[in-house]
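Asks: Fit chains B and C to the given chain A structure using the hints.
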Amino acid sequence: MSDLTRLTAAETAAAIRDRSTSAVEVAQAHLDRIARVDGQVHAFLHVDAEGALAQAKRVDAGELTGPLAGVPLALKDVLTMEGVPTTCGSRILEGWRPPYDATVTRRLKEAGVVILGKTNMDEFAMGSSTEHSAYGPTSNPWDLTRIPGGSGGGSSAALASYQAPLAIGTDTGGSIRQPASVTGTVGVKPTYGGVSRYGLVAFSSSLDQAGPCARTVLDAALLHEVIAGHDPRDSTSIDAPVPPVVEAAQARDLAGLRVGVVTELSGEGYEPGVQARFDEAVQLLRDLGATVTEVSCPHFVYALPAYYLIAPSEASSNLARFDAVRYGLRVGDDGERSLEEVMALTRDIGFGPEVKRRIILGTYALSSGYYDAYYGQAQKVRTLITRDFQRAWESVDVLVAPTCPTVAFPLGAKLEDPLAMYRQDVASIPANLYGGPAASFPAGLSEGLPVGLQVMAPTLRDDLLYRVGAAFEQACPAPVPSLDWES
Amino acid sequence: MGYDDDLREFEPVIGLETHVELGTASKMFCGCATEFGAEPNTQTCPVCLGLPGSLPVVNEKAIESTIRIGLALHCDIAVWCRFARKNYFYPDMPKNFQTSQYDEPLCTDGYLDVLVEGEVVRIPIERVHLEEDTGKTLHVGGATGRIHGASHSLVDYNRAGIPLVEIVTKPVVGTGARPAEVAKAYVAELRDVLRGLGVSDVKMEQGSLRCDVNVSLNRPGEEWGTRSETKNVNSLRSVERAVRSEVERQAELLRRGERVVQETRHFHEDTGHSTPGRSKEEATDYRYFPEPDLVPVAPDPAWVKELQAALPEAPSLRRARMTAELGLSDLDSQAMVNAGVLDLVLATVAAGAPAAEARNWWLGQLAQAANSAGVDAADLAIAPEDVARVVALVAEGALTATLAKQVVDGVLAGEGSPDEVVAARGLAVVSDESALTAAVDEAIVGNPDVAEKVRGGKVAAAGALVGAVMKATRGQADAAAVRRIVLERLGVTED
Amino acid sequence: MPEITREEVAHLARLARLALDDAELDRLAGQLDVILGAVAQIAEVTDAADVPPTSHAVPLENVTRPDVVVPSLPRDKVLAGAPAAEDGRFRVPRILGEEA
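Chains as they are written, first to last, in numbering that gives the first Met the number 0: chain A, 0 to 486; chain B, 0 to 494; chain C, 0 to 99.
To be clear, the hints were calculated from the coordinates, so they are not data collected in a lab.
Among the hints, erroneous ones may be present.
[Said to hold, decoys possible] Straight line, CA to CA, 25 Å or less: simulated PhoX-like cross-link-like pairs of lysine-lysine:
1) B:K304 - B:K230
2) A:K108 - C:K76
3) C:K76 - B:K135
Here the structure is a predicted model, which means the values were calculated and not measured.
Bound conformation, chain A alone (with noise of 0.2 Å):
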């Protein structure tokens, strides 16, 4: 069997149904790979080898079938996985190992997948480049001086470096989409309440959705069937049947598909490569039979401020459960201090400067005389930008954009100015505030480094994102990297 870490997760869950290769072998081949390599790149938090190989024998001993059986995933550090570290990126959790299963973990292990471990992440998921981890950045697999985009960068960055065939991310207001965007891979944001947050250590609640991460849609959307569906632990989570994105990932052509470009969502602050690129795809989906319109969505420019306002909002209430009581980072209980001091300096130490400004950021546009003007606010041009969306759907079926304005940037380059991180965001945004389905998809490089598409459809829609992926997939196969580093 050739390498068994290039194959795709389809490809290697049909290799041991056929049993050309056991789950085994393949989840050792990506623990040896992952200790090989992953040194350089940095994508996990945690490797659990024990568990992998534990859940891989009884995939081979046929106690766990599937279309996904066997096949190693990586699972972002911010969903809990029972008796195994889970940090979130943060010194707060660090050692912290649950007593539950999220139910994404739950359906992931029932399913027969290989779970080889957690992948690093900006803190508590606020960030756009991993670089807020408290456990050091994880880099690009195309160019290890540069970031692998946040704050899902771990899942990623193991993806485009054949750590693992899968991985799951969350996306709150681009986490899944951004990080795929610059590094080729594929991520998708399902429609909100798609997949259960039962175990996704909450961020903005309103917003974060956990996804499927591959470097193949056919691969994403196996995924996807197997982490969606209806939640009775979670109250937002759809009741409804998981839109047929298998089906559509097979999908080859797209004929009658109505495509609008979104006006807001290009021009300045988009590097020209990004735009390049970004217009070639647009055409590409011309040639595949889409009939592609402008659409504006006015008040996709609010998008960015209102989520600055609302995301760190629902944060500030989320991230105050971590109090030194129960779980986590204790520091300076020396037997004089109170417990507010105890807690206050817990969380100034166990916090790190992201999630701080947010939190303060977010306590401040809830206070008293403000919320109005701010929380308030926001919420109502979230309205406008679902209008935008509504109104949108009336003459098109999905819309695009670039996912991203940059192509992966330096590490380091963006630290300094929280606003210029903020941007990355920018074509992102949207779709987290109106709910619906949003992916990136490879569309190509500039100077060397991916661009994504993204693709947005109405909500419950998610199919509509796997046809246009897959068909634009075999129009424009994914560039490969080098992986020159590795020695």
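Replies: Same frame as chain A, now just chains B and C:
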């Protein structure tokens, strides 16, 4: 100056906030059990512990109970409402926010009529909403188990997440000289309503019914004064005392020309007064916002109509009906309500006792026992069925009134059921002829002079012999039978 | 242009239980001022005036569960991650503030 003078000089405005722990089987947002008294932290899960990643799911029974409470209090039921987060830090709150309701409560604008000294007072209700309870903190190392001087604290989250209904009155004006009585009557009546609905066991001493009492004073014609809030009011009696104590305290301050500070005070059962807690000058900013992990609640109007139709008879109506049926007067009825024993009396009647007897027991010996033990009558160790049994025993002659009192004392002391106490203490009326005859003969032998008098025709003197027998039998002899036997034995007939 | 003062940041830090030192306070105040300047743009959206706020992306209502008891976590798991425990309870240093 005294309390009554205070209320002549100032007008009180009172408000009551009541928290009711619902008696649901499981918690508000998770399936953990809600049993009282379990070992610490054995009724918790990722949700009620607020573990990272956990999410709440609303208990449908809690919604139903809250709506029924609102309907019983004549409230409007929201067509659509939401939960909100109330953000503040305290170790008994696992998430450091409480999932509650803010500007969109489930029920609004109701009222409860209460009887105070024969008059109906209508207490306006501002809102009824649903939230979750906190855990319990034990302060270790301090003098009284309170926070001050404690070296550390221990937290138990069994109670965290139990559904809590908050009932808030509008400011109640015009109570004149009776703010304390009105407050107490309101809480008593509210408790009756809640008990009747079956939504909570409303045991103040177990914390399933908690009151915060708000009081302000103003001179007639002036604006309302600054109010204080008194917490830790754990009994009906404390409600009354808390109001009184605040009226006195505030009146004195105001007379001296001083300001009443807006603050939260802590009530002490032992002293009957409150001490200041947190100053509310710098009010905590709770930063309320709609709870994103929960979706809106929109009760189906048809369902609300069904709930309304199925409401039990309001306690006030039931009382009126039953007291009329039983021939008890309004005064009786009111006395029984005030003593918190009306339901007990009715239950005793239901168990077979005549109304008057039931009333006499509960308003007499039992009310006294409750008072001296400092508990509600309902929490005495004696049940209505027991009282009915004692009444029956007296009626059939097995107990005299005196013996009955001792039997009741025994039951109250936890010695068992009335029959068990009778047997254990040997309190049965002695009516066995031969036993009585033997006792009479002994008395005659022991009192020869008296016996002579009786033989000589002074029948009245027989009383002394009856007395002697009663003494010898510790009051357990059937007095009438003893008298008869004395006369027989002495060969005398009654004129 | 909204300005957020050092004092306001200090107040917010207290509300959020963050013990920021002076250097952090200064840095944060500066950064937040810039960020708030950018997000204040939101006030420009005048057609937001008559629009209802969105708090939920999906129009779900009345999601509830039946009042049924489900096994709790075993206590040893509950206390497993505790920084300090005593007598089956979570142990914390002395508390200054009163319960709400």
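Asks: Which of the numbered hints are not met once you compare them with the structure shown?
Replies: 1
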